[in-house]
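Novice: Chains as they are written, first to last, in UniProt numbering: chain A, 1 to 791; chain B, 1 to 791.
These are computed hints drawn from the structure, not numbers from a lab. Just so you know, even glycine gets a beta-carbon here, dropped at the ideal spot from N, CA and C. Be aware that a few hints might be false.
What the hints assert, rightly or not - Now the stretches of chain B that chain A is said to cover, found in silico as 3 or more residues with beta-carbon under 8 angstroms:
hint, segment
1, 47-59
2, 535-546
3, 607-619
The lines below spell out each chain.
Number of protein chains: 2
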Amino acid sequence: MTTMQDQRTLSPELLHNIDAYWRAANYLSVGQIYLYDNPLLKRPLELADIKHMLLGHWGTTPGQNFVYAHLNRIIKKFDLDMIYVSGPGHGGPSVVANTYLEGTYSEIYPEISQDEAGLRKLFIQFSFPGGIPSHASPECPGSIHEGGELGYSLSHSFGAVFDNPELIVACVVGDGEAETGPLATAWHSNKFLNPASDGAVLPILHLNGYKIANPTVLARIEHEELDQLLRGYGWTPHFVEGDDPELMHEAMATTLDTVIEQIKRIQHNARENGDLTRPRWPMIVLKSPKGWTGPKVVDGVQIEGTFHAHQVPLSDPATHPEHLQQLEDWLRSYRPEELFDDSGRLKTELAELAPQGDRRMGANPHANGGKLLQDLKLPDFRDYAVHVPQPGVQGIGDTHELGRFIRDVVEMNSDEQNFRVFGPDETASNGLEAVFNVTDRQWDARTVANDESLAPAGRVMEMLSEHQCEGWLEGYLLTGRHGLFNCYEAFIHIVDSMFNQHAKWLKVTSGLPWRHKIASLNYLLASHVWRQDHNGFTHQDPGFIDHVVNKKASVVRVYLPPDANCLLSVTDHCLRSRHYVNVVIAGKHPAPQWLTMEAAEKHCAEGIGVWDWASNDDGGEPDVVMACCGDVPTLETLAAVSIMREHLPELKIRVVNVVDLMKLQPQTEHPHGLSDDAFDALFTQDKPVIFAFHAYPWLIHRLTYRRTNHDNFHVRGYKEEGTITTPFDMTVLNDLDRFHLVMDTIDRLPQTGEPEATLKRQLADKLIVHRQYICKHGRDMPEIREWKWSH
Amino acid sequence: MTTMQDQRTLSPELLHNIDAYWRAANYLSVGQIYLYDNPLLKRPLELADIKHMLLGHWGTTPGQNFVYAHLNRIIKKFDLDMIYVSGPGHGGPSVVANTYLEGTYSEIYPEISQDEAGLRKLFIQFSFPGGIPSHASPECPGSIHEGGELGYSLSHSFGAVFDNPELIVACVVGDGEAETGPLATAWHSNKFLNPASDGAVLPILHLNGYKIANPTVLARIEHEELDQLLRGYGWTPHFVEGDDPELMHEAMATTLDTVIEQIKRIQHNARENGDLTRPRWPMIVLKSPKGWTGPKVVDGVQIEGTFHAHQVPLSDPATHPEHLQQLEDWLRSYRPEELFDDSGRLKTELAELAPQGDRRMGANPHANGGKLLQDLKLPDFRDYAVHVPQPGVQGIGDTHELGRFIRDVVEMNSDEQNFRVFGPDETASNGLEAVFNVTDRQWDARTVANDESLAPAGRVMEMLSEHQCEGWLEGYLLTGRHGLFNCYEAFIHIVDSMFNQHAKWLKVTSGLPWRHKIASLNYLLASHVWRQDHNGFTHQDPGFIDHVVNKKASVVRVYLPPDANCLLSVTDHCLRSRHYVNVVIAGKHPAPQWLTMEAAEKHCAEGIGVWDWASNDDGGEPDVVMACCGDVPTLETLAAVSIMREHLPELKIRVVNVVDLMKLQPQTEHPHGLSDDAFDALFTQDKPVIFAFHAYPWLIHRLTYRRTNHDNFHVRGYKEEGTITTPFDMTVLNDLDRFHLVMDTIDRLPQTGEPEATLKRQLADKLIVHRQYICKHGRDMPEIREWKWSH
Ligand SMILES: Cc1ncc(C[n+]2csc(CCOP(=O)(O)OP(=O)(O)O)c2C)c(N)n1
Ligand SMILES: Cc1ncc(C[n+]2csc(CCOP(=O)(O)OP(=O)(O)O)c2C)c(N)n1
Ligand SMILES: [Mg+2]
Ligand SMILES: [Mg+2]
């Protein structure tokens with residue numbers, strides 16, 4: 001615990017002013033929660049001055065206001081480049097109040113002016129129809145972290161400081177938030193930070209003791225245990241504890257001076273002395289009462305310093321006249337008349353406490369990352385083309401080809417240091433091993449002999465936490481950089497809810513003209529459902545894209561390139577795009593290649609198209625459309641087509657391949673959607689469509705149910721059948737294999753005769769032989785393993 | 001670090017035998033990964049003896065075999081009731097080998113006999129078509145935790161020991177697994193364990209240093225830091241470190257004796273002396289090489305003790321003859337001839353090391369929880385009926401009514417102690433506050449004055465971690481108990497992937513006759529998308545049910561009760577059900593009540609039905625069907641109906657309400673699905689259907705696209721529009737409000753005249769007035785707030 005020293009950090013005057021600044025922020029916070037009118041309390045408070053619906057979270061707010069006021073001081077003192085992340089973002093009133101006090105709010109929203117009229121609007125708009133949400137939402141300048149869903153503040157903060165050596169992110173972590181899994185592992189991010197080339201995160205654990213209705217774990221373990229825990233996580237904690245504002249201001253100021261000096265020393269040591277041993281970075285534990293300075297007791301119940309302070313302490317002045325008086329007393333306890341002049345403007349001596357211009361945390365360009373965004377330099381993806389003299393040549397595994405492209409993206413942007421690859425220990429396993437020819441995994445913990453591709457600085461971030469990968473990448477993108485997240489397809493569901501929040505952020509920010517667009521969040525899902533040879537059923541789930549397409553069409557894109565050249569073209573496109581979430585699904589196992597680079601580029605630009613070379617309808621009306629989407633379904637479809645072309649040569653088959661899944665949606669639903677005419681031209685108005693799909697089959701129905709020919713769509717995909725078995729057997733278990741596809745087609749032809757019946761019988765037999773063979777030999781039949789397209 | 005002592009724990013003979021037992025398990029593990037034949041190496045190994053596809057994870061296996069052998073010893077010594085959880089469940093060969101050695105495997109699978117023929121099958125079946133998966137999968141006796149998706153071992157273990165005072169779960173935590181968020185916070189579970197009435201978890205951190213392709217964080221921090229971290233988490237770590245088997249056996253045995261004695265002492269102190277101060281439970285850190293005893297170097301690359309040992313160290317004997325020799329040397333290094341007799345049976349002196357009967361970890365009934373499952377005692381839910389003299393009376397909030405029922409479920413089963421409520425700090429906020437009249441939150445950390453409903457023992461488990469709530473509950477259910485998880489609807493996505501794994505577990509176990517069925521996993525999603533008055537856009541996501549319905553229809557159920565009586569009936573049903581995941585979505589805000597208990601019971605039993613009292617088609621053919629699913633959509637639909645009945649009295653309207661979402665699916669797709677005839681009888685074959693839905697609208701299309709009248713379905717639901725605004729405005733933003741519903745209906749009527757046109761104009765105006773009103777007053781118009789059903 002930091003105690004008072006002889007040498008005071010704050011002069012009495014400065015202490016008084018910082019306290020006044022804090023009171024101003026508290027006053028504005030309470031005003032936002034309650035006031036409809038009478039913003040400066042120029043007259044006694046009346047019921048009509050109070051909003052009808054009282055919404056907001058008071059409990060966390062005064063502590064965050066306290067932190068913000070003190071950060072302002074050290075920013076000025078050390079001329080820091082600092083942004084603020086509010087873990088418990090439900091303390092929205094705090095960040096709004098503070099960006100208003102420092103002036104950034106009114107610069108962006110001139111109608112919220114720095115006078116009485118502006119104050120009134122500031123108060124009304126909060127949690128009010130037509131106004132702003134109650135969290136540190138995108139509308140609030142300086143925010144890169146809304147904090148609605150708790151748990152990601154530290155990961156975001158680390159993402160922000162990677163490759164930003166001058167930046168410090170002050171990250172307030174809620175003690176409740178600290179109980180979440182993602183936050184609990186995020187403390188370990190310090191093992192992945194390079195003190196020379198990255199910036200610093202200053203975590204401030206806000207130990208206000210409570211969450212919604214419970215105490216917090218970290219507040220109810222012994223002081224010594226908490227100290228051990230944080231040291232065990234690799235930090236050096238500094239405790240600031242108490243509830244007497246005067247003592248607390250001095251303690252906080254002194255501690256902040258100390259930790260900033262420590263950060264500077266660590267950075268100097270790394271940068272000037274080349275000492276990259278992992279530092280024990282400083283952090284702060286701020287132990288102060290929840291709802292500090294708010295009502296102590298309401299209706300006989302203790303509020304300040306308990307969980308009852310979490311939301312709105314005086315919740316019903318309309319029916320409790322005494323609450324109205326308590327509210328007025330509370331507001332007046334901040335002595336607004338000492339803080340604002342008659343016009344409602346913050347007094348000059350207080351306004352001067354805030355930093356200037358871009359040093360203000362609400363104006364720092366890192367928190368509006370698109371402002372700083374530079375285009376990624378990209379090599380010509382065509383240079384990585386796989387040679388495809390004829391369709392069906394065997395490839396080495398599509399993601400392995402992509403790896404060479406990504407490797408060169410890393411290299412071309414090595415001066416800018418603005419591109420990173422993230423993954424939970426699977427970058428090599430997912431086929432991107434080529435990147436390790438030019439860079440390493442960034443790793444600041446101990447290394448030993450035999451370690452491979454580990455270094456203090458590197459472009460690849462690998463920790464066995466999908467949450468961390470996602471959070472780091474989001475923070476990196478939000479501050480204006482580029483990246484790629486590679487992950488097993490099944491386990492990307494671990495970050496479903498993080499994706500949700502990011503997609504919501506993109507949707508809202510795209511409606512805010514002052515927010516500049518950022519680079520897209522790119523997922524590469526290799527190791528997909530169909531090839532879990534090592535892992536089986538637990539690793540089989542292609543449903544992330546179902547989840548993704550629930551979000552606004554304007555921000556989501558889904559690609560399933562059928563081969564390596566398409567994967568290259570698609571990835572190039574994704575890395576150039578802005579403000580989307582792009583999901584790319586690709587295989588890592590050796591697989592046939594279909595298109596030359598020229599054809600692939602055209603195919604990907606169109607997103608969907610007929611493969612003439614595989615079709616035999618000669619541009620006329622086919623008898624059946626064989627559609628496919630995804631690498632394995634494409635292979636099985638083409639194998640099915642080749643069986644039919646051999647055995648049923650009269651049948652006119654059209655092969656349609658889908659790369660860009662959103663092409664299937666109506667134009668009215670998604671910007672990529674095909675017009676109905678174009679859709680009908682591909683899929684006909686009335687012919688059977690046998691659709692082999694990578695993921696759950698009903699997603700195709702969901703996307704196409706309004707299309708003319710939908711009733712004739714027959715979709716095969718993953719239907720939750722699987723275990724460890726051979727690659728081909730996985731398709732058999734889910735009726736997606738070539739034999740089933742042929743039988744399905746025959747079943748849907750208007751007229752069939754003897755050849756069709758015979759073929760069906762033969763194929764049914766084949767499936768039995770297949771089963772017997774794999775159970776005996778443990779691998780697929782030679783005719784499957786060695787099958788080649790030959791038309 | 002534990003060092004050698006004068007007094008040895010193991011006699012030379014016992015040490016020798018335990019080592020032999022370990023070698024036997026290692027031998028069987030390598031055999032499973034590689035051998036197709038020649039299981040006892042009675043002749044030199046040939047290529048034909050090796051499987052074609054070599055799949056599996058060697059690295060983790062020897063360490064887990066080591067642990068298992070030593071646990072056997074202490075189970076016998078102390079007569080322990082113990083089960084084993086394998087965090088890195090990809091060490092499947094280990095749990096299979098050990099349950100085989102102890103005899104449980106052959107009892108369940110007699111064809112895998114304890115002789116040479118059985119051994120051969122044991123080896124072939126592993127990771128082989130028609131065989132078993134490579135993880136600690138449901139097929140393996142003794143497993144309650146597959147470990148495919150890493151991170152949940154500790155939460156599952158704690159769930160298993162709640163209310164099982166005699167049980168100890170030995171939980172091996174992978175050092176890679178420990179990097180995941182869920183695992184990182186799960187260490188704190190010790191603050192929620194009551195030493196008197198719960199059992200104990202013995203975590204064994206398997207510090208083998210590596211994950212797939214990287215070292216682990218915990219292996220590369222300083223010893224002192226790791227010690228601090230674990231102590232900070234509240235544990236007392238005991239380190240067992242080394243690679244010399246002889247020293248390690250003695251160290252492990254001594255340490256296990258110590259920790260079991262500590263556990264017994266803690267429990268005695270709590271149970272006999274009534275001392276419930278939170279104990280610092282012991283745990284073990286086992287630091288041993290990854291791939292211990294396996295090949296040291298292959299092709300010049302160090303394998304043992306590096307990440308290269310993770311999967312199959314000698315991966316291609318077919319093309320590398322020297323690998324074949326190395327494999328044979330490796331297998332023979334375990335000296336199988338000393339371990340198995342000529343018939344292939346484990347030698348008697350070794351077999352005797354395993355516990356007997358149900359004490360064997362593979363046979364312990366807790367790991368086949370359905371065996372122990374007792375029906376929950378349930379009060380008659382009808383006794384909690386809300387009085388509904390006429391449709392539309394205002395309720396207090398549906399979940400608040402349910403709270404009284406749940407309270408009594410808690411009380412009625414207080415002797416059995418087999419029901420718990422789990423939630424991330426929201427049980428009161430979600431409306432279940434009544435349970436705190438009869439029980440508390442279980443909390444073993446410090447308490448202070450002003451704390452509410454916290455006690456060392458209690459039926460409610462609240463930690464701010466959806467992962468922990470889910471993991472604890474799963475562990476609790478898997479060991480044969482009952483429970484309920486209450487959560488904000490949006491944030492249940494946090495456990496999407498955990499739900500996946502549990503649903504997969506249920507699917508697989510329902511196909512294993514020896515696995516008894518367990519109680520269903522019940523989600524109560526209160527605080528749903530339509531009522532995020534405090535929280536706004538980040539808290540709005542009704543997509544969990546989209547995710548859920550991707551899993552096998554045989555294990556998932558989704559209910560959206562429109563009022564409190566329906567909620568009671570549905571919950572009663574869910575609490576009686578077995579082996580499902582039930583999702584129940586309900587509101588907590590005051591809302592109109594529609595059905596008497598009698599009507600509700602009937603309606604819920606049917607799952608879907610016409611509300612005659614709201615319809616005016618008099619059982620004949622309607623002009624339009626107004627369908628609704630969910631509490632808010634039901635309210636808006638009825639309000640729309642009442643507008644139409646007033647303004648368009650000629651229009652024949654049928655109101656259909658859906659409680660059981662799966663009724664909409666075809667019978668062929670879901671056991672609850674309506675037949676086509678029944679569906680057509682409700683929704684007609686050709687009339688417009690205006691469907692107001694709680695969640696994303698396309699889910700309804702996905703479920704109904706094969707139905708006759710699907711083309712006439714017009715669905716409104718949440719379309720990702722929202723912020724903080726009034727409750728009614730939320731429906732307006734998403735076109736789900738009464739006015740839009742009426743306008744939608746008019747647009748779809750075959751013929752409309754002047755009255756319809758006038759009404760549409762009036763309603764369009766209303767929407768403008770609404771907007772103006774809420775932006776001025778901050779709450780809904782009186783006619784909305786005070787609207788009542790009156791037909
Ligand atoms: C993942 C998640 N689960 C649950 C909630 C609901 N919730 C909102 S605030 C809160 C308590 C937060 O406590 P803490 O982090 O200590 O913040 P503070 O005390 O500063 O308000 C909870 C549980 C949430 N926002 N996110
Ligand atoms: C959540 C999750 N992410 C990624 C993986 C892929 N994976 C499988 S094993 C493994 C490494 C496990 O390391 P550790 O827990 O240390 O186990 P061990 O060393 O005992 O094999 C990884 C990352 C997974 N199974 N689960
Ligand atoms: Mg708190
Ligand atoms: Mg490991």
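Novice: Now look at each hint and say whether the structure bears it out.
Specialist: Consistency of the hints with the structure:
1. 47-59: Since 6 is at least three, the answer is holds.
2. 535-546: holds (count 8)
3. 607-619: violated (count 0)
The structure fails hint 3 only (numbered hints given earlier).
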